[in-house]
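Oh and the sequence shown: position 259 is 259 in the UniProt record's numbering, straight run, nothing missing.
Hints are computed from structural coordinates only; laboratory data are not their basis.
Quick reminder that beta carbons are idealized off the backbone N, C-alpha and C, glycines included.
Please note that the accuracy of each hint is not assured.
Said to hold, decoys possible - Listed next, the in silico DMTMM-like pairs over lysine to aspartate or glutamate satisfying Cα-Cα at most 20 Å (straight line):
{"#": "1", "residue 1": "Lys-184", "residue 2": "Glu-159"}
{"#": "2", "residue 1": "Lys-43", "residue 2": "Asp-188"}
{"#": "3", "residue 1": "Lys-192", "residue 2": "Glu-159"}
{"#": "4", "residue 1": "Lys-78", "residue 2": "Glu-159"}
{"#": "5", "residue 1": "Lys-59", "residue 2": "Glu-120"}
{"#": "6", "residue 1": "Lys-53", "residue 2": "Asp-160"}
{"#": "7", "residue 1": "Lys-135", "residue 2": "Asp-160"}
{"#": "8", "residue 1": "Lys-155", "residue 2": "Asp-116"}
Said to hold, decoys possible - Restraint ranges, calculated between C-beta atoms of paired labels, are given here:
{"#": "9", "residue 1": "Gly-152", "residue 2": "Ser-58", "range": "20 to 26 Å"}
{"#": "10", "residue 1": "Leu-95", "residue 2": "Glu-207", "range": "22 to 28 Å"}
{"#": "11", "residue 1": "Val-187", "residue 2": "Leu-232", "range": "38 to 44 Å"}
{"#": "12", "residue 1": "Leu-196", "residue 2": "Ile-238", "range": "26 to 32 Å"}
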Amino acid sequence: MSSSDTSEDSTAKNTASLYEDPYYLAPGDHGNLQLVSTPFDGKHYLNWSRAVKMALISKNKFGFVSGTCVRPKTTEKKYNDWTRVDYTVLRWLILSISPTITNHMMYVNSSKQLCDEIQERYNQSNAPYLYQLRKSMVHIEHSGQPVVQYFGRLKSIWEDLSSLDPLPECDCDAIKSCSCNILKKIVDRDNKNRLLDFLMGLDRTYEVVNGQILSTDPLPTVNQAFFKIQQLEMQKSIHHSALHPLENMAMAVNKSFHPSSSFTESAIPSSAGDARQFVAAQSTFTKDGKRTRPSLECDYCGKSGHTPAYCFKLKAHNKSKVGIKGDFR
């Protein structure tokens with residue numbers, strides 16, 4: 001190994017060790033750093049706290065607000081370093097909260113104290129919000145919208161429910177020695193409930209594939225079911241697009257050959273061939289391409305298949321009045 005390679009490895013290790021140090025502030029960790037895109041205004045505390053938590057963990061600074069990175073004694077060497085970093089984190093938190101809230105919290109002594117006060121004020125009883133989420137879940141339906149939008153609405157509620165009412169955790173560590181795999185059973189049950197939520201809200205056109213999914217053993221995950229439904233939606237969209245040209249062509253033909261509402265001599269076909277062409281043009285087409293004859297009825301002769309404007313008997317009658325023999329060749 002060359003000396004340059006050794007130097008690069010040493011530099012990489014030193015950089016990694018710096019980021020592992022909670023007291024280290026990277027060049028981009030300035031005081032005006034924005035942790036979240038939208039400041040907290042008193043609503044949706046759980047979403048805000050989760051976003052802040054992810055941002056601080058990515059910078060190895062979450063210990064300052066969780067209490068795991070304890071303030072050193074004033075006589076210790078690290079006290080000044082801790083204070084410097086904690087005030088930086090405090091500045092980040094203040095910028096992530098609306099001024100109408102932080103104006104009353106400018107004299108807190110640490111970033112943890114600020115987070116504790118925000119949590120105490122805005123993370124009270126979850127019961128009303130849980131009730132609202134459960135109620136919304138019941139009324140969410142597919143209703144013809146794209147499957148990805150329908151699934152996205154459900155997933156948003158599932159994530160909120162997981163934050164408000166998470167799965168119970170073992171406090172005695174007995175689950176580590178459990179031989180019945182209880183944790184996996186709990187997760188599987190939660191996934192099954194989400195799968196049922198997703199399938200119950202789908203439109204009736206997916207009832208057949210719903211039955212196929214529910215008869216699968218073991219049941220697929222909700223993500224696998226979403227993929228299958230989305231593939232079916234794409235197939236239906238392609239099939240429907242292929243039918244549009246035929247329907248549009250039939251509609252254009254019908255409009256082009258629509259009979260005139262006023263009876264004139266020029267509107268009468270000059271031959272039986274013209275009449276047959278007119279009747280054919282008046283035909284409509286089904287989705288499978290088959291042609292259906294029009295339901296026309298002549299008020300003059302009483303026969304079906306044409307109107308008085310195209311009645312051969314009426315044409316012959318009119319020509320006889322002017323001394324012209326009826327010739328329909």
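How the hints compare with the structure:
1. Lys-184 / Glu-159: Status holds; Cα separation ~19 Å.
2. Lys-43 / Asp-188: Violated, at roughly 32 Å.
3. Lys-192 / Glu-159: Roughly 15 Å separates the two Cα atoms, so the pair holds.
4. Lys-78 / Glu-159: 39 Å, violated
5. Lys-59 / Glu-120: 25 Å, violated
6. Lys-53 / Asp-160: Roughly 16 Å between the alpha carbons, so the hint for Lys-53 and Asp-160 holds.
7. Lys-135 / Asp-160: 13 Å, holds
8. Lys-155 / Asp-116: Answer violated: Lys-155 to Asp-116 is near 29 Å, above 20 Å.
9. Gly-152 / Ser-58: 20 to 26 Å: 25 Å, holds
10. Leu-95 / Glu-207: 22 to 28 Å: 51 Å, violated
11. Val-187 / Leu-232: 38 to 44 Å: 27 Å, violated
12. Leu-196 / Ile-238: 26 to 32 Å: 29 Å, holds
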